[in-house]
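Turn these sequences into a full structure, and let the hints guide you.
Number of protein chains: 2
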Amino acid sequence: MTQTAFQRRYETFRSMVDRRLASLVRPGEPRDLRDASRYVLSGGGKRIRAVLTLMACEAAGGSARNAIDAAAAIEVLHNFTLVHDDVMDNSPARRGRPTVHITWDLNTALLTGDLLLGIGYRTLLRGRVLHAERVVRVFTGALLEVCEGQALDLAFERRTDVTVPEYFGMIEKKTAALLSASAVMGALMAEASPRIQSAFRRYGHFLGRAFQLQDDLLDVVADPKDLGKPIGGDIIERKKTFLLLRAVTRAEGEDRDFLIRLLHAEPAAAHAAGSPDRAAADRKHLIGRVTGLYERYGILDETRREISRNTKRALRALAILRPGPSREMLHHLADMLVNRIS
Amino acid sequence: MTQTAFQRRYETFRSMVDRRLASLVRPGEPRDLRDASRYVLSGGGKRIRAVLTLMACEAAGGSARNAIDAAAAIEVLHNFTLVHDDVMDNSPARRGRPTVHITWDLNTALLTGDLLLGIGYRTLLRGRVLHAERVVRVFTGALLEVCEGQALDLAFERRTDVTVPEYFGMIEKKTAALLSASAVMGALMAEASPRIQSAFRRYGHFLGRAFQLQDDLLDVVADPKDLGKPIGGDIIERKKTFLLLRAVTRAEGEDRDFLIRLLHAEPAAAHAAGSPDRAAADRKHLIGRVTGLYERYGILDETRREISRNTKRALRALAILRPGPSREMLHHLADMLVNRIS
Chain A
1 MTQTAFQRRY
11 ETFRSMVDRR
21 LASLVRPGEP
31 RDLRDASRYV
41 LSGGGKRIRA
51 VLTLMACEAA
61 GGSARNAIDA
71 AAAIEVLHNF
81 TLVHDDVMDN
91 SPARRGRPTV
101 HITWDLNTAL
111 LTGDLLLGIG
121 YRTLLRGRVL
131 HAERVVRVFT
141 GALLEVCEGQ
151 ALDLAFERRT
161 DVTVPEYFGM
171 IEKKTAALLS
181 ASAVMGALMA
191 EASPRIQSAF
201 RRYGHFLGRA
211 FQLQDDLLDV
221 VADPKDLGKP
231 IGGDIIERKK
241 TFLLLRAVTR
251 AEGEDRDFLI
261 RLLHAEPAAA
271 HAAGSPDRAA
281 ADRKHLIGRV
291 TGLYERYGIL
301 DETRREISRN
311 TKRALRALAI
321 LRPGPSREML
331 HHLADMLVNR
341 IS
Chain B
1 MTQTAFQRRY
11 ETFRSMVDRR
21 LASLVRPGEP
31 RDLRDASRYV
41 LSGGGKRIRA
51 VLTLMACEAA
61 GGSARNAIDA
71 AAAIEVLHNF
81 TLVHDDVMDN
91 SPARRGRPTV
101 HITWDLNTAL
111 LTGDLLLGIG
121 YRTLLRGRVL
131 HAERVVRVFT
141 GALLEVCEGQ
151 ALDLAFERRT
161 DVTVPEYFGM
171 IEKKTAALLS
181 ASAVMGALMA
191 EASPRIQSAF
201 RRYGHFLGRA
211 FQLQDDLLDV
221 VADPKDLGKP
231 IGGDIIERKK
241 TFLLLRAVTR
251 AEGEDRDFLI
261 RLLHAEPAAA
271 HAAGSPDRAA
281 ADRKHLIGRV
291 TGLYERYGIL
301 DETRREISRN
311 TKRALRALAI
321 LRPGPSREML
331 HHLADMLVNR
341 IS
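Protein chains in written order, with our numbering: chain A, 1 to 342; chain B, 1 to 342.
No wet-lab data here; the hints were simulated from the structure.
Owing to the predicted nature of the structure, the values given are computational and were not obtained by experimental measurement.
The beta carbon of each residue, even a glycine, is placed where N, CA and C say it ideally should be.
Heads up, some of the hints might be wrong.
These stretches of chain B come out as covered by chain A in the derived footprint (C-beta under 8 Å, 3 or more residues) [unchecked claim]:
id: 1; stretch: 19–31
id: 2; stretch: 82–93
id: 3; stretch: 117–126
id: 4; stretch: 144–155
This is how it looks when you write it as structure tokens:
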């Protein structure tokens, strides 16, 4: 399968998902709830998780059409997490639009998230469902892991002793679990063997790890235009990214002291005093200094190697599939996810 | 079945539910999330919905033991709504204990609610499940209705033209849907016929209506000791209860003008100015005046008749069951729910 053929297929699947998502919120819902839910589900984005479900279904020998409800349900679950996460992080914007709690209010955001979760389950069980019980178990497992991952992420904000294994434990729940569930769901809709289901679980798992590492890396190396937000946001927020945690371990002397002080500082401290211009200059300086350390200690290359290692493990899981275009599709998908900016 | 035998049975079922609830949160959960979830599920209360599921299962010819997971799941769903509702209403206390967002914080309350919902679904599918697909549909239907009901309730706060039919539409979703689902779930666990399932749906539905009307009535007529909170809270908050909506319709002249002004006033206005003593006196005066109008226009009796009408319809739905102790149990349960204070 060529890159162009893959992209065409991706776009076909993405619009299938968008169309299905647009039909999920019923006109009879109370007004704010209906409007806010539609607002969330029409927010665009790559629909990575839903497309993964559809592609996994095809790669396992099924027809993508049979997986569209499961795919939409997964995407709704993902959007539920975004709405509640935005409340918890008090984020004003997402994908270039004001968030629900800003456009409406906290109560509407809370309730819209809850309703979306209900819509997710309803969508999952739309029509005649293959392996309904198993499908609900996988979906619920992902929901629980995402909640746990978010709780760990919040707890990490208040800690200064987070380790790299703990970091992986967190992203496996917060990011990888849902990608893993997306791939397994596709396999289930194709009535694939347990062996294929478990291969897809590993594929999603390692892809999720690579995806999050790439996210951490892009925060410092991406073109702000491609990223859709300023560079270095994670540094300003003192996020315990793979890069920062590794840098603290590897840096020496003064560099190490500086990074440890950074871990202990409140995010606000960097721009607490002085004019807005001064604060912006301080932020730029901080980002420059931290990025410089990442380079000096080889952290950027280490992260790239780690991404590549995880991607390879994801692809290795696919070895049990018959070679051919549908397996290549999942290779292309992995490539797209972890090389988001060339 | 005597009243004493019923009460014994109720207590047996309630402790079964409490024991099961105590086992649902896994030790591996992130700390705050685990502690808060356990805090919520150990909060006591009558466990009405779970006991209803167990009794419905027995009344439909099943063994209550087979319905314990479904019963616990329903109770977890109910507790999920309480945690999020308390955030939305900014309630400081529930059942005599500080609420989750007070004891921990908003983020923990939000996430604990989300996790509880996941635990609810997981519990629902614990072990080998009869009719898993149908059970998940009923559970999800209840979740969606409860969200819609809460959204309507919040929307009513900002409206002054709520009608009695709209009020019933709201309480059917916010209160009756879950009681209805509880009863249906019991029938499903007993592998009861569709006819019995649908009779139990009606039983729960009318019981839910009666239950909420009783709740509205108790706010003005209960002994504060039994109620566990001061009398007249709904009046102070300008809640659009059945009583207030009916009073606005029936009152005349000055009384009507007064009630309409009340509907338009902000809850805070009653005690915005002056000393705390003065504010308390104002509140007492307001409650006295409104209660006086309820009496003068026969609203209290009308509410009692409405409760009795709904209870009778609930009991009538049970007529298709064979007469005997297990049917009587559901009669006693209805009696207990709508005569909470003698």
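Hints the structure fails to honour: Going through the list in order, the structure violates no hint and respects every one.
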